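As a plain string of letters, each chain reads:
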Amino acid sequence: MALDENKRQYISQRGGKTYFMLGDEACAYGAIYAGCDFFAGYPITPASEVAELIAEELPKAGGICIQMEDELASMAAIIGAAWTGARSMTATSGPGFSLMQENIGYGIMTETPCVIVNVQRSGPSTGQATKPAQGDVLQARWGTHGDHNIIALAPNSAQECFDLVQECFELADTYRTPVILLMDGEVGHIRESVVMPELSAVKHTSRKIAERTEDVFGGQELIPGMIHYGEGMNVHVTGSTHLASGMRDVTTPHVHDELIKRIYSKIDSNRENIVRVETDLNPDGKARVGVISYGASARPARGAVKLARAKGKNVDFLRLITIWPFAKKQVAEFSKELDIILVPEMNLGQMSREIERFVDSDVVTVPRIGGVPHSVDEIYRVIMGVV
Amino acid sequence: MKTEMRFVAFGGQGIVLAGVILGEAAIADSNNAVQTQSYGPESRGGAAKSEVIISNDDIDYPMVVEADCLVALSQPGYDKYAAEVKPGGTLIVDQDLVDAGTPPEGRAFYSLPFAKTADRLGNRIVTNIVVLGSVCSITGVVSENNLAAAVESNVPEKFRELNQTAFSEGFKLGAEAVKLKAAGEK
Chain A
1 MALDENKRQY
11 ISQRGGKTYF
21 MLGDEACAYG
31 AIYAGCDFFA
41 GYPITPASEV
51 AELIAEELPK
61 AGGICIQMED
71 ELASMAAIIG
81 AAWTGARSMT
91 ATSGPGFSLM
101 QENIGYGIMT
111 ETPCVIVNVQ
121 RSGPSTGQAT
131 KPAQGDVLQA
141 RWGTHGDHNI
151 IALAPNSAQE
161 CFDLVQECFE
171 LADTYRTPVI
181 LLMDGEVGHI
191 RESVVMPELS
201 AVKHTSRKIA
211 ERTEDVFGGQ
221 ELIPGMIHYG
231 EGMNVHVTGS
241 THLASGMRDV
251 TTPHVHDELI
261 KRIYSKIDSN
271 RENIVRVETD
281 LNPDGKARVG
291 VISYGASARP
301 ARGAVKLARA
311 KGKNVDFLRL
321 ITIWPFAKKQ
331 VAEFSKELDI
341 ILVPEMNLGQ
351 MSREIERFVD
361 SDVVTVPRIG
371 GVPHSVDEIY
381 RVIMGVV
Chain S
388 MKTEMRFVAF
398 GGQGIVLAGV
408 ILGEAAIADS
418 NNAVQTQSYG
428 PESRGGAAKS
438 EVIISNDDID
448 YPMVVEADCL
458 VALSQPGYDK
468 YAAEVKPGGT
478 LIVDQDLVDA
488 GTPPEGRAFY
498 SLPFAKTADR
508 LGNRIVTNIV
518 VLGSVCSITG
528 VVSENNLAAA
538 VESNVPEKFR
548 ELNQTAFSEG
558 FKLGAEAVKL
568 KAAGEK
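Order-wise, the sequence lines are chains A and S.
With this note's numbering as the guide, the letters of the first sequence map in order to residues 1 to 387.
With this note's numbering as the guide, the letters of the second sequence map in order to residues 388 to 573.
Treat the hints loosely; a few may be bogus.
[To be verified] Result set (PhoX-like, lysine-lysine): computed pairs, CA atoms no more than 25 Å apart in a straight line: (1) Lys-473(S) to Lys-545(S); (2) Lys-203(A) to Lys-17(A); (3) Lys-467(S) to Lys-306(A); (4) Lys-311(A) to Lys-389(S); (5) Lys-473(S) to Lys-311(A); (6) Lys-131(A) to Lys-436(S); (7) Lys-473(S) to Lys-573(S); (8) Lys-313(A) to Lys-389(S); (9) Lys-473(S) to Lys-306(A); (10) Lys-131(A) to Lys-573(S); (11) Lys-503(S) to Lys-389(S); (12) Lys-473(S) to Lys-60(A); (13) Lys-336(A) to Lys-311(A).
[Stated by the list, open to error] On the chain A side, residues computed to face chain S include the following (Cβ under 8 Å): (14) Arg-14; (15) Thr-18; (16) Trp-83; (17) His-189; (18) Ile-190; (19) Glu-192; (20) Ser-193; (21) Arg-262; (22) Arg-302; (23) Gly-303; (24) Ser-375; (25) Val-376.
[To be verified] Residues on chain A that point at chain S, a partial pick, calculated with CB under 8 Å: (26) Phe-20; (27) Lys-208; (28) Arg-299; (29) Pro-300.
No wet-lab data here; the hints were simulated from the structure.
Quick caveat: nothing in here was measured; it's all calculated off a predicted structure.
No residue lacks a Cβ here, since even glycine has one placed at the ideal position from N, Cα and C.
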């Protein structure tokens with residue numbers, strides 16, 4: 001989407017500078033850089049600062065921010081907004097993310113581009129409301145019912161909150177699907193330097209528009225164009241199984257089969273275009289031990305790898321930037337020479353299980369719950385125990 | 388070179404903002420800085436902690452492991468964290484809010500009238516800025532110019548002058564304490 005004049009002006013006034021800000025705030029600014037026109041949300045620790053900043057700043061950039069009555073309505077509102085042509089976003093944490101699951105499914109089924117930010121906190125239920133966790137990794141993948149695919153990215157710094165939320169908007173429009181920015185309370189509440197680039201460095205993909213209502217949900221296209229509400233085209237949008245025209249057909253087996261396989265496949269067949277990882281392979285010789293981590297956990301994990309190398313140990317490191325779809329090819333490649341892979345994560349081993357499915361190495365989870373992230377030393381001791 | 392700073396107080400004493408301002412000054416000095424905080428659900432009165440790590444290298448772990456400097460404005464905060472300051476580090480407390488007993492050995496110890504200074508200036512709310520002034524002159528962890536600028540950009544316009552005065556009073560307070568200590572050690 002081309003940025004409108006309001007947003008161009010907003011970015012021109014603020015771009016090209018370094019700021020000291022919260023990951024949550026960086027996420028909010030990143031959304032404005034991405035051309036977000038509409039935000040609907042309900043406050044919840046540790047995601048409230050996203051909404052707070054959006055409420056203050058988005059109107060200045062010509063956008064709309066609404067505090068909804070709850071998270072169900074927030075999710076519904078951003079889907080509706082997307083169908084009017086807006087780039088839309090909500091932000092929440094565990095309990096709110098649970099409430100959004102039904103409408104996330106609706107967003108997937110209706111192929112609605114939108115961005116859901118989940119600043120993960122310690123659960124289940126109200127859990128440790130003010131403490132960080134990474135317990136929603138599998139919920140992001142499978143939280144809503146039925147066969148589906150999802151895209152989710154996990155930033156590990158305030159800068160990445162700013163950068164990756166923009167990528168989420170791009171992916172949402174490219175693949176016409178809800179995209180989740182899976183932050184955690186640690187990166188949401190970390191304050192560090194964030195470079196906001198100048199306007200000239202901001203690039204956006206345009207949303208594809210269909211020419212006829214008959215093609216809005218398929219036709220010949222793997223990823224069909226949309227038709228926005230208010231343009232007089234009478235497009236029909238439903239969460240029930242539908243034909244390419246959007247009209248319901250919930251009884252014909254092949255209609256459902258083709259629809260769901262296409263929706264699934266538009267992410268699955270583009271896995272290599274979507275997935276990003278960052279690797280830091282041992283510079284002096286082959287390692288037999290590797291560490292895979294993501295989000296805030298990747299910081300102490302990386303620190304521990306550096307410390308082990310300083311003691312002469314060979315250790316490889318991989319950070320998942322894209323959480324879903326899973327980086328199966330990259331992880332399989334990374335694991336080839338490794339006997340053992342350690343997976344520090346702030347849960348009891350959610351990503352470890354996924355990694356296990358694609359590697360021959362032993363996968364050992366390094367879990368951490370309780371609201372305090374792993375220390376460098378803690379992960380270092382685990383590494384030293386196995387090399 | 389990495390410096391780990393920890394501020395502890397009751398909620399409402401302004402140490403989160405103090406940490407933010409210190410971090411902002413550090414990046415203006417062209418260092419990396421990370422600020423984190425932890426506090427209870429109440430906005431005032433609960434235990435609050437604000438940490439700043441300043442380094443010329445990447446900061447992998449965003450929290451304090453072993454503090455180079457502890458600034459305590461509350462008794463429970465001091466009692467909990469005083470022993471975790473690294474040898475050769477610095478403890479800075481408010482003389483009227485913290486009874487330090489026998490401070491841990493091998494660390495520089497400063498007990499200064501931050502809240503009292505703020506009261507004298509007419510508003511206890513600037514205690515945190517008095518503290519920042521002293522932290523600057525005692526530790527030198529950030530430059531005075533950039534810290535003063537960061538104070539200015541983070542306070543409301545109509546309290547700017549009060550905060551500027553609080554900062555320079557705090558700076559003097561710390562500088563004099565350092566001088567006294569050096570004289571005492573000779």
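When the structure is checked against the list of hints, which entries are broken? Sort them ascending.
1, 3, 10, 11, 12, 14, 16, 21, 27
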